[in-house]
Structures are given as C-alpha cells and as structure tokens.
Amino acid sequence: EPEVTQTPSHQVTQMGQEVILRCVPISNHLYFYWYRQILGQKVEFLVSFYNNEISEKSEIFDDQFSVERPDGSNFTLKIRSTKLEDSAMYFCASSERTSSTDTQYFGPGTRLTVL
Amino acid sequence: QKEVEQNSGPLSVPEGAIASLNCTYSDRGSQSFFWYRQYSGKSPELIMSIYSNGDKEDGRFTAQLNKASQYVSLLIRDSQPSDSATYLCAVINSNYQLIWGAGTKLIIKP
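Heads up: the protein sequence lines correspond to chains A and B, in order. Residues 1 to 115 in our numbering are what the first sequence lists, from first letter to last. Residues 1 to 110 in our numbering are what the second sequence lists, from first letter to last.
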C-alpha cells in the first residue's frame with residue numbers, strides 16, 4: 001500500500017541554523033500539507049500546496065518557513081533561523097482531494113529538536 | 001474563532017465495552033470530518049471519514065455526524081487494549097484547512 005515517507009526521522013540542530021525536512025507524498029496525490037505538533041499539544045496546520053504553489057497557510061507559517069517541490073517526488077519544508085520553540089514533530093500529508101473526498105494520509109513525522 | 005473541541009479525557013472503558021468519543025465544531029461551513037488515532041510519538045492514522053449526516057460503519061468503528069448540531073462522534077465496539085490511544089477529530093473548514101481537536105485519550109482496561 002502506498003504511503004507518505006519523511007526524512008530524517010529525527011533532526012537535531014542548533015538555534016539559528018536552517019533545517020530542511022523532506023517528504024515524499026503518495027505518487028498520485030496532488031495536494032500536500034505540512035503540520036506541526038509540539039509535544040503534548042494538538043496538531044497544527046502549517047501550509048497546503050497544490051500545483052506548485054501555496055494554496056493555504058496558517059498564521060504560524062511566517063517568513064521563517066518555506067515549502068518547495070524541487071522535483072517530481074519530493075516536498076520540502078525549510079525552516080530558517082530555527083528557534084527553541086520550533087522543536088516539535090513535523091508531519092507531512094498528501095491527498096487526492098476529489099469532489100467527494102479529501103482524506104489526508106500522514107507520513108511518520110520528523111522530530112525536530114532545536115538546542 | 002473557528003475550532004474543533006474534544007474532551008481531553010482520559011476516557012477509561014473496560015475491555016469489550018463500547019467507547020464513545022465526541023467532537024463539536026464551530027464552522028457551519030465544514031463539509032468533511034475525520035477521526036484519526038494517534039499512538040504516543042507516532043503520526044495520526046486515519047480511522048474513519050464521514051461527509052454526510054447519519055452513521056457510517058467500518059468494522060468495530062461507527063462514525064456519526066449531525067451537521068445541524070455541529071457534532072461528530074466515534075463509537076468503538078468490543079474495545080480492545082490495542083485501541084488505547086489518543087483519538088483526534090479533524091474537520092475541513094470553509095477555508096479548506098484541516099483543523100484538529102486536541103484529542104481524547106482513551107484507555108481500555110483489560
């Protein structure tokens with residue numbers, strides 16, 4: 001069964017550094033998403049992406065963040081100048097989003113630790 | 001504020017009993033509703049999706065949607081210890097964002 005994959009599973013970085021989190025969505029899906037979950041808190045929507053551009057973004061997704069689909073398979077989240085409060089699990093998801101369904105399938109997540 | 005609300009729990013249910021999880025949402029324009037299960041340290045795993053008023057059954061799981069009351073629930077029959085997890089209600093709102101509840105922690109006692 002096709003699945004969303006994410007790398008790395010755990011990323012440790014120093015405050016102020018840039019990180020790139022990578023995702024490979026399910027191959028026939030056209031909509032891609034990034035979510036964040038701080039330990040013990042709820043899942044938070046960051047951004048959705050379709051047709052090589054951002055379709056929706058939350059207030060969390062400020063200039064520190066960017067997304068890119070550099071090739072036909074990868075979808076990346078770049079976090080510039082990381083802060084301690086960026087430490088969280090970051091989940092990538094993808095969906096087909098037809099007229100009758102919009103089920104999002106999640107990758108296993110990347111645990112980001114900012115020291 | 002457009003939100004999805006769940007009782008945080010923990011909800012403790014004896015093995016073999018029915019677990020009932022509830023969720024309310026505030027955006028009347030919401031059209032798609034999901035229940036995800038999340039084990040500690042893992043990603044959300046889709047359990048059920050529901051789009052129309054009424055019940056939808058899949059194995060031991062039944063999702064119930066009442067758009068007039070802005071209420072969606074998940075019933076788990078014959079609860080098993082492996083069902084112990086946090087159950088997340090998620091709603092696609094009128095801005096087409098997937099908004100999550102904080103989750104209900106379910107504990108199935110053997």
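Hints listed in this document are in silico derivations from the structure and should not be mistaken for laboratory results. Every residue gets a Cβ at the ideal spot worked out from N, C-alpha and C, and that includes glycine. Misleading hints may appear alongside valid ones.
To give an idea of the chain A side of the interface with chain B (calculated C-beta under 10 Å), a few residues [to be verified]: (1) V19; (2) Y35; (3) E44; (4) A93.
Here's how the hints hold up against the structure:
{"no.": "1", "hint": "V19", "in the structure": "violated (19 Å)"}
{"no.": "2", "hint": "Y35", "in the structure": "holds (8 Å)"}
{"no.": "3", "hint": "E44", "in the structure": "holds (7 Å)"}
{"no.": "4", "hint": "A93", "in the structure": "holds (8 Å)"}
Violation of the numbered hints given earlier is confined to hint 1; every other hint is satisfied by the structure.
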